Amino acid sequence: MRRAIAVLLLALACALPSLAQTQPAACTPKLSYGASGNLWSLDFLGCSSVPAFTPGQPITLMLGTTKFDGTVVKFFPADPNNPLNQSASVVFSVPNNGTSTTDPIQAQYASNTAKVTYDGQSWTPALAEPLNVRTSSYEFGPVTSGSTEGSGQTNTPQSQAFRLQAALASSYRPPAVQSPKASLASRLEKDFTLSIDTTDQQTGFVDDNSAALGLYVPHLAVKDLFVEGRLGGTVTYSKAFHSDTSDLDATAELSGWLPILQSMNLMSSTTQLGSPLSLNLQYGYRRRSESGVSTRGEVAEGTAGYHFYVLDNYRVDLIATTTWSTANTPRTQHWYKAQILYASSPTARFNIVTSVENGSVGPVVQKVRNYFIGVALGQVFEKRAGGNQ
Amino acid sequence: MLSSQPQRESKHVSQNDSATNTNAPDTIQRDACQECLLAGLAAIGINAQPGDTIDFGAIDTDGLCATLAHRIEACLDQKGWLVKPLTGSFQTLRAQGARLSIDSLTTSLVQLSWPVGGQPA
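Chains as they are written, first to last, in the working numbering: chain A, 1 to 389; chain B, 1 to 121.
Don't take every hint at face value.
[To be verified] Pairwise CB distance ranges (calculated): (1) B:Pro-50 with A:Thr-354: 20 to 26 Å; (2) A:Gly-56 with B:Asp-103: 29 to 35 Å; (3) B:Gln-96 with A:Val-356: 51 to 57 Å; (4) A:Arg-134 with B:Gln-96: 37 to 43 Å; (5) A:Thr-329 with B:Pro-50: 52 to 58 Å; (6) B:Gln-49 with A:Pro-58: 29 to 35 Å; (7) A:Ser-49 with B:Gln-96: 30 to 36 Å.
The hints are simulated quantities; they were obtained by calculation from the structure and are not laboratory data. Values in this document were obtained by computation on a predicted structure and should not be read as measured data. Heads up, the beta-carbon is just placed ideally off N, CA and C, and yes, glycines get one too.
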C-alpha cells in the first residue's frame, strides 16, 4: 500500500510541471476533401496567423508530386461558437479535369504529403484521410492485483506492479469514396499492429504482447443490421515476456458495428449517443508453443465493445473478449475491461476516472484482476505529414 | 444486400432541389442539414433523434468521422447544397471528446453550407 502511494506521488510529481506550463497550441493545418463539388478544405488548427483568402483567387494544391490548380470558394474565419469551424478554414475547388489528368482524390490516396500555396505562402497540411495511417500510444502506471482493500493480502506473490501498455499501428486504408476504376488491390485495407501489455512482475499480472498482420475488405454494410464492417484475414503472433509461452494464429475475421444496440442512458435526463455495439469475430487455427512443446488446434475469438451512460455525467466503456482454442488448456479464456469516465458538466469532456480489468488474456492463461486507478502517464499521438512553412 | 465501398457521389443537381424552392429558404436549408446529419449518423450506426446529444469521444475511430462527413456532404449535394468538407472538423471534435446536441450541429452545418450554383454567405 505504501509503495502504491509512493508511486502515485511520484507520478503526480512528474505530471505537475507539464500541467503547470501552458503550452501554446501548435499550428497543424489539416486537409480534407469533400464528397461533392470538387471541394477541399484547409483547416488551420491552432494557427494564429492566417491570411484572408479572397474568393475567386487561384490556389495550388500539390499531392505528392502532382500539381492541381484550384480556385478559392470561401474563407471561414475562426468562429468559437461554431463547433465545426473552431479554426479558420479555406474552402477551394479543384476540378479533376484541370492541369492534370489524375483524379485529385486518387492522387491523395497515392501520397502521404500535400502542399497548398496561395499568394506566395505555402502550408504543408496533414491529410485527414491519408493513405497510410500510423498511430502510437503508451500508458505506464501502477496497477493493483488481487485484494481490493489494499491490505496486500493476496494469493499472488505481489499485489502491486508497474504496468506498461504500448501500441503501434500502421494501416493502408482505401478511401471511403471510391472511383469505379479503382483496382482490387487499392480497395483492400492492410494493417500491421504491435501491442505490448506487460508488467514488471513474473506472475499474477497480464503479460499479453503481440504483432499482427491483416488484410481486409472494408466499408461493408447490411442495412439497419451492420455498418462499417470489415471482412478479411489476420496472422497474429503473441508472446509472454516472462515465460516461453507463445501463440501463432491464422484467422478469418469479421468486424463492424451493430446499430440494433445503441448506447443506453440509465437514470439520465438527456439521451447521449456514441458508437453502438462493436463486434469482432475471428475463427481459424492456432499453434501454441509452451515449454518447448507445440500444440495445434482451432481457435475462435469474439470481442464486443459498448458504451453506456449513467446519471448524465458518467460514461462506462466496456470491452470483453472470449477465446476458445483446442490448443489451450483450459480451452476457454474470458477477459473484460471496464473504464468509468466522468464529466463535470454537460459540455465538459469525459475523463477516465478508473479502469477495472478481470479475466485471463494472451498466451499466458492465468487469471488476473487489475485495478488501474488514478494518474496514468499516457500520450496518444498520430504521425502524419504536417506542419506549416 | 451487402454493400461495399460507396461510389463517388454524383455532382449533378436536380432542377427540383430544395435550394431552388423559394418558400422559407432558411427553414428548408435547416431541414436539409438536420436530415442529412441524422442520415450521416445512421451510416455509422448512431440512430439519433433531433433531441439527442452526440458524444464524439465515444465514436470509436477517426475513420467513422470520415464516413460521417462524406455521407453528410453527399446528402446535402443531392438536396442542392454544398458544405465545407467536414472530415477534419469531426476528427477534431472526436479528439476533444466534444458532446454536442443535434440542434447545435445542425446550426453549425447551416452556417457552413450554401446553395449549389450560389455564392456562400
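Among all the numbered hints in the text so far, which are the ones the structure does not match?
-> Hints 1, 3, 4, 6 and 7 are the ones this structure does not satisfy, whereas the remaining hints hold.
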